[in-house]
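My request is simple: use the sequences and hints to build the entire structure.
Taken in sequence, the protein lines are chains A and B. The numbering of the first sequence is the working numbering, which starts it at 1 and goes up by one. The numbering of the second sequence is the working numbering, which starts it at 116 and goes up by one.
It is worth saying that the hints were derived from the structure and are not from the lab. Just so we're clear, the structure is a prediction, and the values are computed from it rather than from any experiment. All residues carry an ideal CB built from backbone N, CA and C; glycine is no exception. No incorrect hints appear here.
Interface residues of chain B toward chain A, partial, derived using beta-carbon atoms under 10 Å:
id	residue
1	Gln146
2	Leu202
3	Val204
4	Phe212
Capping the alpha-carbon separation at 20 Å, the derived lysine to any residue pairs in SDA-like fashion look like this:
id	chain 1	residue 1	chain 2	residue 2
5	B	Lys160	A	Leu26
6	A	Lys41	B	Leu161
7	A	Lys42	B	Lys160
8	A	Lys41	B	Phe126
9	A	Lys64	A	Leu112
10	A	Lys42	B	Lys117
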Amino acid sequence: GAVVSQHPSRVICKSGTSVKIECRSLDFQATTMFWYRQFPKKSLMLMATSNEGSKATYEQGVEKDKFLINHASLTLSTLTVTSAHPEDSSFYICSAIIKGGQPQHFGDGTRLSIL
Amino acid sequence: RKEVEQDPGPFNVPEGATVAFNCTYSNSASQSFFWYRQDCRKEPKLLMSVYSSGNEDGRFTAQLNRASQYISLLIRDSKLSDSATYLCVVNGDGNQFYFGTGTSLTVIP
Numbered sequence: 001g002a003v004v005s006q007h008p009s010r011v012i013c014k015s016g017t018s019v020k021i022e023c024r025s026l027d028f029q030a031t032t033m034f035w036y037r038q039f040p041k042k043s044l045m046l047m048a049t050s051n052e053g054s055k056a057t058y059e060q061g062v063e064k065d066k067f068l069i070n071h072a073s074l075t076l077s078t079l080t081v082t083s084a085h086p087e088d089s090s091f092y093i094c095s096a097i098i099k100g101g102q103p104q105h106f107g108d109g110t111r112l113s114i115l
Numbered sequence: 116r117k118e119v120e121q122d123p124g125p126f127n128v129p130e131g132a133t134v135a136f137n138c139t140y141s142n143s144a145s146q147s148f149f150w151y152r153q154d155c156r157k158e159p160k161l162l163m164s165v166y167s168s169g170n171e172d173g174r175f176t177a178q179l180n181r182a183s184q185y186i187s188l189l190i191r192d193s194k195l196s197d198s199a200t201y202l203c204v205v206n207g208d209g210n211q212f213y214f215g216t217g218t219s220l221t222v223i224p
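Pasting the structure below:
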């Protein structure tokens, strides 16, 4: 149980393109979803916390207009990297929790490469 | 001070060895603690939750010391397949989670 699906797993696109990443909780309703970014050999960096039906809470230094998060339902959150540039290339991972205090369950990540 | 401090290692141990990782946390009100395993270029996977009474799952033992504010993970009889990065995660207020930087483990034949 507690499966989180993330799609797509790999994206390669040109600079200036906007990329949407989907995160779905397949067998549970997620009260909260998280979006992380990870650079090679580095720890996860929290970008934003997303609650269903409300605006995402962004971490300091993360541009809201650059990284658009929509959490339309209890099973789906999307991250859109707008007008992506090479410096946005990274591994993006979402996670979801069933309720507070429970462990996070991670999607299998999206490797984004901007040329 | 960081919310969670973790020795990044790397730890290089021979097969069959016992290895322990510690992780300290700063928020004494933290209630939930977890160990995750992350393989290279993969997402973190939950290894085990850490309970006040300590818990064991096969070769893995997790312990919580609230007085000293640290959690530990002990791996006995290390296997080559245990090579990975181990992340400690502490739940702060509400739905805040704080990650350690991860400890790299390599088990050598």
